[in-house]
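Trainee: Between the sequences and the hints, there should be enough to build the whole structure, so can you do that?
The residues making up each chain are set out below.
There are 2 protein chains.
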Amino acid sequence: MEPLPPGPVTEGMRYATGGGKRLRGFLVCTAAQLFEGPREGHLLAAAAIECLHAYSLVHDDLPAMDDDDLRRGQPTVHKKWDEATAILVGDALQTFAFELLARDPVGDAATRIALIRSLAVASGAEGMVLGQAQDIAAESAGRMLTLDEITALQANKTGALIRWSAEAGAILAGADPAPLTRYATALGLAFQIADDILDETGDEAKAGKRLQKDAEAGKATFVSLLGLEGARERARELVAEAVNALSLYDDKADNLRDAARFVISRDF
Amino acid sequence: MEPLPPGPVTEGMRYATGGGKRLRGFLVCTAAQLFEGPREGHLLAAAAIECLHAYSLVHDDLPAMDDDDLRRGQPTVHKKWDEATAILVGDALQTFAFELLARDPVGDAATRIALIRSLAVASGAEGMVLGQAQDIAAESAGRMLTLDEITALQANKTGALIRWSAEAGAILAGADPAPLTRYATALGLAFQIADDILDETGDEAKAGKRLQKDAEAGKATFVSLLGLEGARERARELVAEAVNALSLYDDKADNLRDAARFVISRDF
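Sequence order for the protein chains is W and S.
Here this note's numbering is used: the first residue of the first sequence is 1, the next is one more, and so on.
Here this note's numbering is used: the first residue of the second sequence is 1, the next is one more, and so on.
Just so you know, these hints were derived from the structure itself, not from any lab.
Any given hint could be a false lead.
Claimed, not checked - Ranges between beta-carbon positions, derived for each pair:
| id | chain 1 | residue 1 | chain 2 | residue 2 | range |
| --- | --- | --- | --- | --- | --- |
| 1 | W | Ser265 | S | Gly19 | 51 to 57 Å |
| 2 | S | Lys252 | W | Asn255 | 55 to 61 Å |
| 3 | S | Pro38 | W | Glu40 | 30 to 36 Å |
| 4 | S | Gly174 | W | Pro105 | 54 to 60 Å |
| 5 | S | Arg266 | W | Asp203 | 55 to 61 Å |
| 6 | W | Phe35 | S | Asp104 | 23 to 29 Å |
| 7 | W | Phe35 | S | Ala240 | 53 to 59 Å |
| 8 | S | Arg210 | W | Phe35 | 54 to 60 Å |
| 9 | W | Asp176 | S | Ala240 | 56 to 62 Å |
Said to hold, decoys possible - Below, a list of computed lysine-lysine pairs in the DSS-like style, where the Cα atoms sit at most 27 Å apart:
| id | chain 1 | residue 1 | chain 2 | residue 2 |
| --- | --- | --- | --- | --- |
| 10 | W | Lys21 | W | Lys252 |
| 11 | W | Lys252 | W | Lys79 |
| 12 | W | Lys206 | W | Lys80 |
| 13 | W | Lys79 | S | Lys79 |
| 14 | S | Lys213 | S | Lys80 |
| 15 | S | Lys21 | S | Lys219 |
| 16 | S | Lys21 | S | Lys206 |
| 17 | W | Lys80 | S | Lys219 |
| 18 | W | Lys219 | S | Lys80 |
Cβ atoms here follow ideal geometry from the backbone N, Cα and C, with glycine treated the same way.
Mentor: Right under this line is the structure:
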C-alpha cells in the first residue's frame with residue numbers, strides 16, 4: 001500500500017521557521033557561551049525557542065487573530081496553504097519545541113526538566129498566551145491602555161520568551177540566571193518599543209510585514225503614549241540598563257551587549 | 001494600577017476540559033495501578049493527557065477544521081467565546097499538558113523526560129497532528145480511502161494518544177510497556193470503529209455532538225467500508241485482542257478489560 005500523503009504540515013513547519021532575525025536563538029547560544037557546556041545542547045535549546053516563537057507567529061497571523069498576509073517578506077502560512085494547515089503547523093511547532101528540549105544533548109534530565117517547565121510557564125496561560133489574551137481584551141475594552149498597562153502586557157506577550165532565551169544559557173550551565181534575567185527584561189521592553197517605532201516609521205519591504213496596523217486600529221503604543229522622541233529616549237535608557245546588567249561578565253558578554261544595541265538600531 | 005483583565009483564556013481552558021468520558025485519563029490511572037507507584041504522579045499524567053486531548057478537540061472544532069458547534073453537549077469554545085479565544089485556549093492547553101508532566105510528583109526527572117518525549121512524538125507531526133493532516137488531505141484526494149489507509153490514518157489521529165495513555169502507567173513504573181501497547185493498539189482501533197458506528201446509528205443528544213457528518217461529506221468510514229454488521233464484528237474481534245494482550249496480568253487488569261468492552265458498548 002502506498003502510504004497516505006502526509007499533507008503539507010511538515011513542509012509548513014519548515015517554511016514557518018525559515019528566515020527571521022533568530023534573536024531568541026541567538027540569545028540562547030550567546031548567553032550559554034558565558035559559561036561552559038556542550039554546544040550541541042545550546043543549539044537544540046535555540047532551535048526549540050525558535051520553533052516556539054514561530055508557532056506563536058503562525059497562530060497570531062491567522063484571520064481570527066491579527067489577520068496578516070505577510071511575514072518575514074513571505075506569504076503567511078494560512079495564505080500559502082490554508083487556515084487548517086496553519087493551525088496544525090503552529091500546533092506541531094509547539095509540540096516540536098518541547099520534544100527538542102527533551103532530547104539527550106540538552107544537559108542531564110534535571111536540566112531538561114528545568115528548561116521545559118520554565119518554557120511552559122513563559123509561553124502558556126501565565127506568559128505569552130496571557131499577553132496575547134490581554135492584547136485582545138484591551139481592543140474590546142473601549143479605552144486606551146496606560147503606559148504601565150502596555151508595559152505589563154508586553155512583558156507577557158513578547159518579554160517572557162526573550163527572558164527565557166537569555167536565562168536558558170545559565171540554566172544549561174547550572175549558573176545563577178539573575179543577571180541575564182535583568183538584561184533580558186530591559187532588552188525585551190526595548191525590543192518592543194523599537195517595534196512600535198518601526199511600526200510608525202519603518203519600511204514595509206524591509207520589515208517584511210504590514211506596518212502601522214496599531215495606529216490604524218487606534219491602539220495605544222509606546223509611540224502614541226511617549227511620542228516618537230520620548231519612545232527613542234526610553235529605548236536608549238533600557239539598552240543602557242541591559243548593558244549594565246552584564247557588568248559581572250567581562251568581554252565574553254560583548255556579543256550580548258551588541259545585541260542590546262542592535263535591537264534599537266535595526267530597521268527590520 | 002488595576003491589573004489588566006486576563007481575558008477568557010483560563011476560563012476557556014477549564015470549560016474545554018470539563019465533561020467527556022475521560023477515557024485517556026482513566027487508561028493512565030488504571031494501567032498505572034498494575035504496578036506500584038505514587039498516586040499523585042498518575043493523576044498528573046492523567047490530567048496532562050486530558051489537557052492534550054482537549055486542546056486537539058478545541059482546535060479540531062474550529063470553523064477552518066471540522067466546524068463543529070457542539071461538543072460534549074455544550075457549545076464549542078469558539079461558539080461560546082470566539083475563534084481567537086479558541087485558538088489561544090487550545091495553545092495554552094497543549095502547553096499546560098507538558099508543564100504538568102514536568103512537575104515533581106511525576107516520577108524522577110528521567111521518567112518525566114520519557115513521558116514528555118513520548119507524548120510529543122505521539123501528539124506531534126508524526127502522530128496525532130499527522131493523522132489530522134492526512135484526514136484533511138484525504139478529503140481533497142478525490143477518492144475514497146481504503147480500509148488499510150483508514151486504519152493507518154486512525155492509528156495516528158486517535159490511536160497515538162490512546163496508546164500513550166496505556167503505556168504511561170508502565171513508563172511511570174519503569175516496567176515494560178509492550179503488553180499495554182498491544183492492548184491499546186487494539187482498543188484504539190475498536191474505539192474508532194465504535195465511533196463510526198455511533199456516527200451512523202447514535203443519538204445526537206446522548207453523543208453531545210453532531211453525527212453523520214462523515215456520511216454527509218461522502219467520506220469513507222469503517223461502516224461504509226465494512227457495513228454496519230461487519231464493523232461491529234471487527235470491533236468485537238479487536239476487543240478480544242485487547243483483552244488477550246492483558247493475559248500477563250491477573251485480576252488487577254480487570255478494569256482495563258472492562259474498559260475494552262465499554263468502548264464498543266457505549267452510546268456516547
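Trainee: Need the status of pair Lys206 (chain W), Lys80 (chain W): alpha-carbon distance at most 27 Å?
Mentor: The given pair, whose Cα atoms are some 20 Å apart, holds under the 27 Å limit.
Trainee: Under the criterion that the straight-line Cα-Cα distance not exceed 27 Å, is the pair Lys219 (chain W), Lys80 (chain S) satisfied?
Mentor: Holds, at about 26 Å.
Trainee: Range hint 30 to 36 Å: satisfied by the CB atoms of Pro38 (chain S) and Glu40 (chain W)?
Mentor: holds (34 Å)
Trainee: With a cut-off of 27 Å on the C-alpha distance, tell me whether Lys80 (chain W) and Lys219 (chain S) pass.
Mentor: holds (26 Å)
Trainee: Holds or violated: the 55 to 61 Å window for the beta-carbon distance between Lys252 (chain S) and Asn255 (chain W)?
Mentor: Check passed, 58 Å falls within 55 to 61 Å.
Trainee: Regarding the pair Lys21 (chain S) and Lys206 (chain S), is the alpha-carbon distance no greater than 27 Å?
Mentor: Holds, at about 12 Å.
Trainee: Using the C-beta atoms of Phe35 (chain W) and Asp104 (chain S), is the stated range 23 to 29 Å upheld?
Mentor: holds (26 Å)
Trainee: Are the Cα atoms of Lys21 (chain S) and Lys219 (chain S) separated by 27 Å or less?
Mentor: Holds, at roughly 26 Å.
Trainee: Taking the Cβ atom of Arg266 (chain S) and the Cβ atom of Asp203 (chain W), is their distance within the range 55 to 61 Å?
Mentor: Holds, since Arg266 (chain S) and Asp203 (chain W) (Cβ atoms, about 60 Å apart) stay within the stated range.
Trainee: For the range 53 to 59 Å, tell me whether the beta carbons of Phe35 (chain W) and Ala240 (chain S) fit it or not.
Mentor: holds (57 Å)
Trainee: When you check the alpha-carbon spacing of Lys213 (chain S) and Lys80 (chain S), does it fall within 27 Å?
Mentor: Roughly 21 Å between the alpha carbons, so the hint for Lys213 (chain S) and Lys80 (chain S) holds.
Trainee: Does the Cβ pair Asp176 (chain W), Ala240 (chain S) satisfy 56 to 62 Å?
Mentor: holds (59 Å)
Violated hints, listed in ascending order, are 4, 11; each of the other numbered hints is respected by the structure.
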